[in-house]
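Peer 1: Starting from the known structure of chain D, arrange chains E and X on it as the hints suggest.
Residue numbers (the numbering used here), protein chains in the order written: chain D, 1 to 484; chain E, 1001 to 1375; chain X, 2001 to 2107.
No wet-lab data here; the hints were simulated from the structure.
Below 25 Å or equal to it, Euclidean Cα-Cα: the simulated DMTMM-like pairs (lysine to aspartate or glutamate) are: (1) 1125/E to 1098/E; (2) 246/D to 2094/X; (3) 1125/E to 1292/E; (4) 407/D to 1039/E; (5) 1162/E to 404/D; (6) 1162/E to 1082/E; (7) 116/D to 2075/X; (8) 1162/E to 1081/E; (9) 116/D to 2094/X; (10) 1125/E to 1106/E; (11) 246/D to 2050/X; (12) 231/D to 69/D; (13) 246/D to 2055/X; (14) 407/D to 1078/E; (15) 407/D to 1082/E; (16) 1177/E to 1164/E; (17) 407/D to 451/D; (18) 116/D to 2089/X; (19) 223/D to 69/D; (20) 1239/E to 1071/E; (21) 407/D to 1081/E; (22) 246/D to 2024/X; (23) 231/D to 253/D; (24) 116/D to 1292/E; (25) 407/D to 1172/E; (26) 407/D to 1164/E; (27) 407/D to 1083/E; (28) 231/D to 261/D; (29) 1239/E to 2055/X.
As the structure is a computational prediction, the values presented were derived from the model and not from experiment.
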Amino acid sequence: MTPVSDIAALAERYDLVVVGAGPAGLSAAARAADLGLSVLLADENPAPGGQIYRAVTTTPVTERAVLGDDYWRGADIVARFERAAATYAPRCTVWSLTDDPAAPGTFEIGLSLDGKARIIGAAQVILATGAQERPFPVPGWTLPGVMTAGAAQIALKSAGIVPSGRTVIAGCGPLLYLLASQLAAAGTEIVAVLDTTPRANWLKAAAALPDFLRSPYLAKGMKLMVATRAKLRFVSGVTGLAAAGKDRLTEVEVARGGRTETIACDTLLLHQGVIPSVNLSNAAGCAHDFDEAQHCFVPRVDSWFASSVEGIAIAGDGAGIGGAESAALRGEIAAFDAARRLGRLTPEERDRQAAPISAELERCLRGRRFLDLLYRPAPQFLSPPRDDTIICRCEEVTAGQVRDAAKRLGVVGPNQMKAFLRCGMGPCQGRLCGPTVVELIAETRGTTPAEVGYYRLRPPVKPVTLAELAALPATEGAVKAVVR
Amino acid sequence: MTSGPRSADVIVIGAGIHGCSTALHCAMRGLSVVLIEKDHAGRHASGVNAGGVRQLARHVAEIPLSDASMEIWHRIAELVDDDCGFTSDGQVMVAEDEADLEACRDRVADLNLRGFRHEEMIDAKELRALVPAVSETCPGGVISRRDGAAIPLRATQAFKRKAESLGVAVHEGVRVKTVRRDGADWRVVTDAGDFLAPRIVNAAGAWADRIAADLGEPVPLEPIALMLMITAPMAAFIKPVVILRGRVLSFKQFDNGTVLIGGGHRGTPLRDENRTILDWRKLAISARTVWELFPIMRDATIVRAWAGIEGRMPDDLPVFGPSARHEGVYHQFGFSAHGFQLGPGAGAVMAEIIATGRSNVPIDGLGIGRFPQAH
Amino acid sequence: MFRPMHNDPVREGATSATLNFTFDGRPMTGRAGDTVAASLLANGVVACRETPVSDTPRAPYCLMGVCFDCLVVIDGVGNRQGCLVPLAEGMAIETQHGRRHFAEARA
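Okay, chain D solo, but in the shape it has when bound (with noise of 0.2 Å):
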């Protein structure tokens, strides 16, 4: 593996890029660069390891049973990747991704580090940009304080430090309980636990419960949740939330049915489950569909990962949830079927070689149906009742808001929604208030999230500076191809 830092030192062109340094994409890298591609990973952040392995070759904690075993396998996930002939830029965002009009069915790709901005060609991409938290807009959310489930897991990770006050854990999935278990190991004062999984869920979920039976999530989860629940406070059928305080948070107010009570806490820390993060795949031109079991939008990939713009993969959670053990496997799966669109496999040869980590894949996801089933949000967690919760962060658009343009204006979509209330228009681009939308303006209109649609994103997926930009080396054609 080459790490490279300045970006003067990237390739004119590689065979492939692999976009994301989680699971998936340092697996894709790896086998994508052991089948004889020339092939750069590109990460936004300084380590390896992407989320589920935040800091696995960093992590100030050493302490193996604060993290948990899984966490350590990215340990030599990385390690393979370091063994490989790639190059790696780490601290390196791609902004952009784009036909390359002059190299029909390859592409251009905007990426900055240190910086300084350029692009790149690439005949073939690799999306392996993960998953965040499904956003979980409750009143008060945007109040120092309050964070996600995952930034503690990160602030922990990565820095070794853990809230300093008293702790809420509020929401609903596995992550919670594996938090809450990593943060009370670590030392934090958690006052509560609090279980917003909708007691109708388990009903819907039994008809997955054979396979979740078999899979291994079973042994693991009973075991955390069992441990969890003895040690901390733990409260169920949560049915309302909401954050206050004046200028930071002091209370949580939890209603259970018709009865409400009051948590004086110092932090607060959110989680209903994770979704894909679509901006770059969205961007790119790739289709999504909304994915009714995972509810929430899914890239449109065939069976090797391919997406719906040819020479475009998506591998790991990016092409929908399926944890972090899947992942690997399916970046694995998509760069095999990347070097066969080079021509440096047979289809036989790549048929072959993919089908043990097929069949692994297929074991490893055994069981998520279940999960996906039981631990989906209950309405008032997707579509805030209330209609003073903002649901756009950056430009502090509220429910109401989005309500009243849906049923007053008639606005059907997102994109005219941005249009009259800038909700998605912030430096966010919509990866914490689309899938609120979609939820408000369906409920308003009375149809479903697949129909109202979502945002249609264009790049830069990340801020590019004016300076970098002024920056990035021009041609002869772009100077006289101008319009008067």
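Peer 2: For chains E and X alone, coordinates are given in the frame of chain D:
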């Protein structure tokens, strides 16, 4: 939905600002109107342009339409029950050097000779007073004081909503397949059934050449995708919209502090896929221009770039007016990236022509007949 | 606000250097390898910016580059995502107040 043909006095094809304005103004004259749109109102150029409401730097052939339109912009809320985000702080063209300034003087003199007074010269002192952030090296420029900007999608949809409230039947998500004569009427065949009317308006933007070709009036329309960029919010530093004479740039700061950078660099339009491909090397040229002329912007961050799909004619003038071949056919397209400001007035004039056969507003030089016709 | 796990100011297995930086002019210390956002949180900073829309205080929310609530000014350059920038010796970090203002860049 596809049982029998639906008929009206006028069918308007395309719900951009032009189609919506024409539909509204026809309805105001008591005509029954069907408005057909393949996507949704304002989906393309009309909804994603820079929002410039500009008389500055127009070709003289467009100025009468532009004047008529400007009157409407300044009382837009009365017409469509929405202020459309219209603000008027003038538009300024910046001359970068003495040669530029001389060309500006010639232009203003020529306009004055023709009786147009909306463009005025400004010297270095007034330039710096209006545009304090501009580089010290710029010797002056031209101002059009009544100019300004509006919010394009909001304006287009306000016209559509007002038209609907006056009885216009709007059919969105309906694509026109072909247009042909049917007795005294025109039959507009769509993927949701047929429509009949004695008069049709081709306001189909970057797709209008196909309608025109169907009617035996082919035109050399070129789909183009002009690119725009917008920054994160910045402290207020500029009120008027700024354009350059010598280079491609337009520049506008909104109330919320974001700065829109446009001007005319082209991306690649894919009009049958409803998408465009951005060209970052050309956007870099815009960035460099801003860097040189507005040092205050050097700290800016670009948070989004995009391009709409527009129709350009080779002489950069729209196709506006009655068909050269057929009774009852009217064309209103090819606005070549400067049609937004013209929309309100062009719709009023078109409705007048449809209803009375003529208009007092001169539209010479804009007819479809200027292109070689098929025989 | 955050603190080192187990209240150990040296932090478990810490072999990395201590870095000096300032926040709004106040001297602070951090650990080499931490991001700007983590360093601010570890030093008890509650809010790192005020929004351009309503000047409301905000703090880092996701720590993974998605939320853009951790925007700060670093060495005079604004709109930097603090969760993606590693702390460096001598860095001058400032609260990002509302809309970006132009400092001295008037060359």
